[in-house]
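Use the sequences and the hints to build the structure in full.
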Amino acid sequence: MTKHRFTASILCMAANNISLAHEAADPLISMVSINQLEQRLNHDAQSNDRDISNWNAEVWLGKNLDKLWLKTEGEFVDGQREESELQVLYSRAIAPYWDLQTGWRGDFNPEQNQHWFAVGLQGLAPYFFEIDSALFFGKGGQTALRIDAEYELMFTQKLILSPELETTLYSRNAPKYEQGSGLAKIDAGLRLRYEIRREFAPYIGINWSKKYGNTADLSRADGGDIEALQWVAGIRAWF
Amino acid sequence: MKHTTHISSPTLSTLATTSVSRRRFVTGAASAGALIGLSGSPLSWGIEKAPTAVEQQTLSGKHFDLDIGYQPVNFTGKSRIATAVNGSVPGPILRWREGDDITLRVRNHLAHDSSIHWHGMILPAEMDGVPGMSFAGIKPGEYFDYAFNVQQSGTYWYHSHSGFQEQTGVYGAIVIEPKGPDPVAYDRDYVVQLSDWSDEAPEAIYAKLKKRGDYYNFNERTAGDLWRDIKEKGLSQTWSDRSMWNQMRMSERDIADVTAYTYTYLMNGATPDQGWTGLFKRGEKIRLRFINSAAMTIFDVRIPGLKMTVVAADGQNVEPFTIDEFRIGVAETYDVIVEPSDDSAYCVFAQSIDRSGFTRGTLSANPALSAAIPNMDPAPVLSHRDMGMAMAGMSHGDQNMGSMAGMDHSQHAMGSMKEMDHSGHDRSNMKGMDHSQHGMAAMSMAMPAPLGKAGFGSNNEITHVKTEFGPQVDARADSPQSGLDDPGIGLRNHQQLYGRKVLRYSQLRNLHPTEDRREPSREIQLHLTGNMHRYMWSVNGIPFADAEPLALSFGERVRITLVNDSMMTHPIHLHGVWSELETGDPEYIPRKHTIMVQPGSKISYLVTADAMGRWAYHCHLLYHMPGMMREVRISHDGGAA
Ligand SMILES: [Cu+2]
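If you read the protein sequences in the order shown, they are chains A and B. FYI, the numbering for the first sequence is 1050 to 1288, going by the numbering used here. FYI, the numbering for the second sequence is 16 to 656, going by the numbering used here.
Worth double-checking, as some hints may not be accurate.
Taking beta-carbon pairs under 7 Å as the criterion, some of the chain B residues facing chain A (in silico) [to be verified]: (1) Glu235; (2) Ala238; (3) Asn261; (4) Arg264; (5) Arg268; (6) Pro486; (7) Arg532; (8) Arg549; (9) Met551; (10) Ala560; (11) Ala562; (12) Ala566; (13) Pro641.
Derived from the structure by calculation, the hints contain no laboratory data. Just so you know, even glycine gets a beta-carbon here, dropped at the ideal spot from N, CA and C.
Structure below.
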């Protein structure tokens, strides 16, 4: 009998390991999404010699209505991690298409790390805009608002153009983080992907970003770029 | 009644030696079925060529031995392990006789709990085979003896009620000979069992749907469609057609959760490439017993060149009527008679509701002949009506809306005095909300129940209980149409387009007079709810795990009205008792075990609670079932759970 059991479990590719179907109504599920893993090339020829790569990924673990989320994004320049961000959030469904997310965000920069308390609303808006918006409360009364909207335009069932727009605003000036009050930054991307499988899609696209107002001034004073236009190529994957 | 003891499992002992020759060995049911008898000998796996004509194993008599075990199969070119009954997918056809006392010893050779439920059978609750409700299930290495008297005749089927085993092969057909003369005359009969096979594990399919509800849908609207629509209809019409869907964040192309992207559709265990074949002699009357044993696939069936006379629905004889095409929901059965008047071959064609794929077989006078396979019809697109929205001023793709059941309107005349049902709203009452409902309920107690007459369906207003609001429910039908006269999404205009007469529920008329002539004493309104995006399914917004049982008093006659608040078609199955579909003819109410509820529509049926015990009541789409399920308790005190 033991041998049979053993054989059976090995062979059990069609694993029916839930004894009652209704136990499966709310199973624990996890998902890893690499939204962007890309190489960037500056359109401006002078800075072409820099090797820039970016990532943007999410992991969630949870049930139908409650999930733990990790979100991370960042940039490597010439093999050095330039800036990166990690969020750890508890996510609770509050409406058919909306999740309320609260937790911690850490920014890891070459000079100065920064920690935030995050409250966000993530979901699908009418007309199928995917929205990830959040308010971040940092030390010293700094508050940041970030709104990210993404859309998918299907050319075919597998060839998909996705425009994305991200806006960042700060409540006050924080020179040591290069944050200036008011509208700080706009990032706009356009990526054309081909889903070889649902889970795996290479893409090409462009990314444009520009700093505004006080943030632009602070960046300028530090000798940084305030506007960049980049060609991107990368992969998107999930499992 | 129940014996549990350890048994040896001969089927498993051979599996370890099979990996080498698995591939050439099974291509369909018969080869697998044939091998079970030889399972003691490893040599039996070395068969060089699988037979091409698939013939099903048939078992008859009064005692049956059924073994649920792992079985290598190959439906797609890739070898997979199925959970099979007696080594074949589908399992053997069981032939019973009405009036017989039968016993079935079901052995579980799987590594997990298993069970068999006799779908559509009227039997004692403890023989129904639903783990956790009727019995404890069958543990690995153990067996369960089912014993019951067969009180009905016709076409039924059996399947596992454990986990997702039905998807991986635990199902088979039941054919019951009537005790008296068969009112249906035929020269030969064939079971035509439709199902869906995936090389993916069902748990993987389910997880994908939870992560991305549209994972298997490759018929989404594209930029090209948009361009074509604008050219044809103009910008403003295109905008207005689409704005509702866009605002609701729903896709009118969302027809089936799981599609041919992963499914291979089977007919009697044969893939469309292999093709099942049934032979006939010219002039014979052939009875085809269609059974939809798919996990998730609703099929539209036709046999180009042959008229089909429907003689039974869900095993029960109906007054014969002739059609060209019918939709068969998951778990439904239809018996039809065909009479080929020549020696040619006919294609038995079953396309999936979303037209992503099909399966087919051949009826032929000559085994060498095969029939041309027709093209699939265009994929349907949901209309505003399918959202349960009022029709006025809305554009829609369907042309024969005008034929909507007149019944519906006549009933509304009676519906001015609403009776609110307590038991149907158990939960909200429990939570102490809905005072308005209490008020109305009190009123209706004071006056005699203004229920619609038996056979004519509900008069009641559609009310959404509070539990229907929240992140678990993404839509509510406010003006659901009657689903009775609706052949279903994607079939509604087939008469005009192709001259094909399509079956509608309103055509079903029991061959025998209604047995229970009582008026319903109350009505239970249940809403089929879900959130497609999160892939959550529920009844009245409450998933099975959190739901109170529905309590019925033994002997009572009750009306159940199902309102489909979602965009999917749900086949709803009530165990243990008949669902008597109210088609507008109280004299000959047809009896079914599974009722398809069209998107955004409602449908009513009567239930005589004449079987004591705990019964399952659920959507038969396998991946909806975990949430969209209720326990029905029939007891003498009728409520006290
Ligand atoms: Cu369903």
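Close enough to count: is the Cβ of proline 641 (chain B) nearer than 7 Å to one in chain A? holds (4 Å)
When the nearest CB of chain A is found for alanine 560 (chain B), is that gap smaller than 7 Å? Since chain A brings a Cβ to about 6 Å from alanine 560 (chain B), closer than 7 Å, the hint holds.
Does the CB of alanine 238 (chain B) sit less than 7 Å away from some CB of chain A? With a minimum Cβ separation of about 5 Å from chain A (threshold 7 Å), the hint on alanine 238 (chain B) holds.
Given alanine 562 (chain B) as an interface hint, is the shortest Cβ-Cβ distance to chain A below 7 Å? violated (10 Å)
For the restraint on arginine 549 (chain B), tell me whether the closest CB of chain A is nearer than 7 Å. holds (6 Å)
Grab the minimum C-beta distance from alanine 566 (chain B) to chain A and call the hint holds if it beats 7 Å, violated otherwise. Constraint on alanine 566 (chain B) not satisfied, violated at 19 Å.
Agreement of hint asparagine 261 (chain B) with chain A interface, Cβ distance less than 7 Å: holds (5 Å)
Is the interface hint satisfied for arginine 264 (chain B)? The criterion is a beta-carbon contact with chain A at less than 7 Å. holds (5 Å)
Any CB of chain A closer than 7 Å to the CB of arginine 268 (chain B)? violated (10 Å)
Does the interface hint hold: is arginine 532 (chain B) within less than 7 Å of chain A, judged Cβ to Cβ? violated (36 Å)
Report holds or violated for the interface hint on glutamate 235 (chain B), using the least CB-CB distance to chain A and a cut-off of 7 Å. Holds, because the Cβ-Cβ distance from glutamate 235 (chain B) to chain A comes to roughly 6 Å (cut-off 7 Å).
How about methionine 551 (chain B): closest beta carbon in chain A under 7 Å, or not? The hint holds - methionine 551 (chain B) has a Cβ within 7 Å of chain A, the shortest such distance being about 5 Å.
Checked against the numbered hints above, the structure breaks hints 5, 7, 11 and 12 and satisfies the rest.
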